[in-house]
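Residue numbers (numbering that gives the first Met the number 0): 0 to 194.
Do not rely on the hints blindly, as some may be mistaken.
Here are the simulated BS3-like cross-link-like pairs (lysine-lysine), alpha carbons at most 27 Å apart as the crow flies [claimed, not checked]: (1) Lys120 to Lys131; (2) Lys180 to Lys120; (3) Lys140 to Lys117.
Just the calculated beta-carbon pair ranges, DEER-fashion [to be verified]: (4) Arg111 to Gln192: 17 to 25 Å; (5) Gly171 to Ala3: 16 to 24 Å; (6) Leu27 to Asp115: 41 to 49 Å; (7) Glu136 to Glu47: 40 to 48 Å; (8) Pro177 to Leu75: 22 to 30 Å; (9) Pro110 to Glu47: 41 to 49 Å; (10) Arg148 to Lys180: 22 to 30 Å; (11) Val144 to Lys180: 16 to 24 Å; (12) Lys43 to Arg111: 47 to 55 Å; (13) Gln132 to Lys21: 23 to 31 Å; (14) Ile49 to Ala128: 31 to 39 Å; (15) Lys43 to Lys117: 41 to 49 Å.
Treat the hints as calculated values from the structure; they're not laboratory data.
In this text, a Cβ means the ideal position worked out from N, Cα and C, and glycines have one as well.
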Amino acid sequence: MPLADLVESLFADRGIRLRLSKPDFSLLDKVPKDVRSRVTAGAKLMREPIDLVVVHRDSDNVGHEIRRSEIEKAVLAAGVMSSVVSVIPVRMTEAWLLLDEDGIRQVAGNPRGRHDLKLPKVHQVEGVADPKQLLKECLVKAADVTGRRHDRITKRFFQHRRQLLERLDCTGPVSELPSWKRLVTDIDTITEQWA
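Generate coordinates for the entire structure from the input sequences, incorporating the hints supplied.
Below is the structure:
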């Protein structure tokens, strides 16, 4: 899970080495997708005390504070007493990925492409109505292919998204976004509490 790797690296940058477990929910009967159910199931699968819970929820249209409160209440209701990192990109995680034009061209297989991808600027990206759709379109434009190759690029969206997340430069343009700054502040607060 690239977001877990990202959180691990942010902690490592602050001198804390941790390994986030990624619960395999398929080992249980169907687990509902709400935060409380997922945290409860994850704790059950871990079978040991949990120091840190990382929850990713896109803010969609409800906003950061409402989403954060929802996460904190769900973790408390699940009975898990640990630190919580809320990963809450504005709208969708794809908004963060729209800031890496070189990365988009690389994963699309056309690093020297010249088509204008019409990517939003840093101050605009969190206002994009559908970042996922825009990223899909940008990957196709960047690939600059037709026919079967076009179809292949379209079908590989989730692989490309994963690659972009793995490549995300934590000190690059994403570091200027309010949603990213809130994530970093949460991690800084936890590292101070743990010190």
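Tested hints:
1. In summary, the hint linking Lys120 to Lys131 is supported, as the alpha carbons are separated by about 16 Å, within the 27 Å threshold.
2. With a C-alpha separation of about 17 Å, the suggested pair Lys180 and Lys120 falls inside the 27 Å cut-off, and the hint holds.
3. Between Lys140 and Lys117 the alpha-carbon distance is near 10 Å, which keeps this suggested pair within the 27 Å criterion.
4. For Arg111 paired with Gln192, a C-beta distance near 47 Å fails the hint of 17 to 25 Å.
5. The hinted window of 16 to 24 Å between Gly171 and Ala3 holds, with their beta carbons roughly 20 Å apart.
6. Roughly 47 Å separates the CB atoms of Leu27 and Asp115, a value that falls within the hinted 41 to 49 Å.
7. At roughly 44 Å, the beta-carbon separation of Glu136 and Glu47 lies within the given 40 to 48 Å, and the hint holds.
8. The hint said 22 to 30 Å for the Cβ distance between Pro177 and Leu75, and at roughly 25 Å that hint holds.
9. The hinted range of 41 to 49 Å is satisfied by Pro110 and Glu47, whose Cβ atoms lie roughly 44 Å apart.
10. Evaluation of the 22 to 30 Å hint for Arg148 and Lys180 yields a failure: the beta carbon distance comes to about 39 Å.
11. Our hint of 16 to 24 Å for Val144 and Lys180 is violated, since their Cβ atoms are close to 37 Å apart.
12. Under the hint 47 to 55 Å, the C-beta atoms of Lys43 and Arg111, about 50 Å apart, fit the expected range.
13. Between Gln132 and Lys21 the Cβ separation comes to about 27 Å, which falls inside the hinted range of 23 to 31 Å.
14. A beta carbon spacing of about 36 Å between Ile49 and Ala128 agrees with the range 31 to 39 Å that was offered as a hint.
15. Separation of Lys43 from Lys117 is about 46 Å and conforms to the stated range, judged on CB atoms against 41 to 49 Å.
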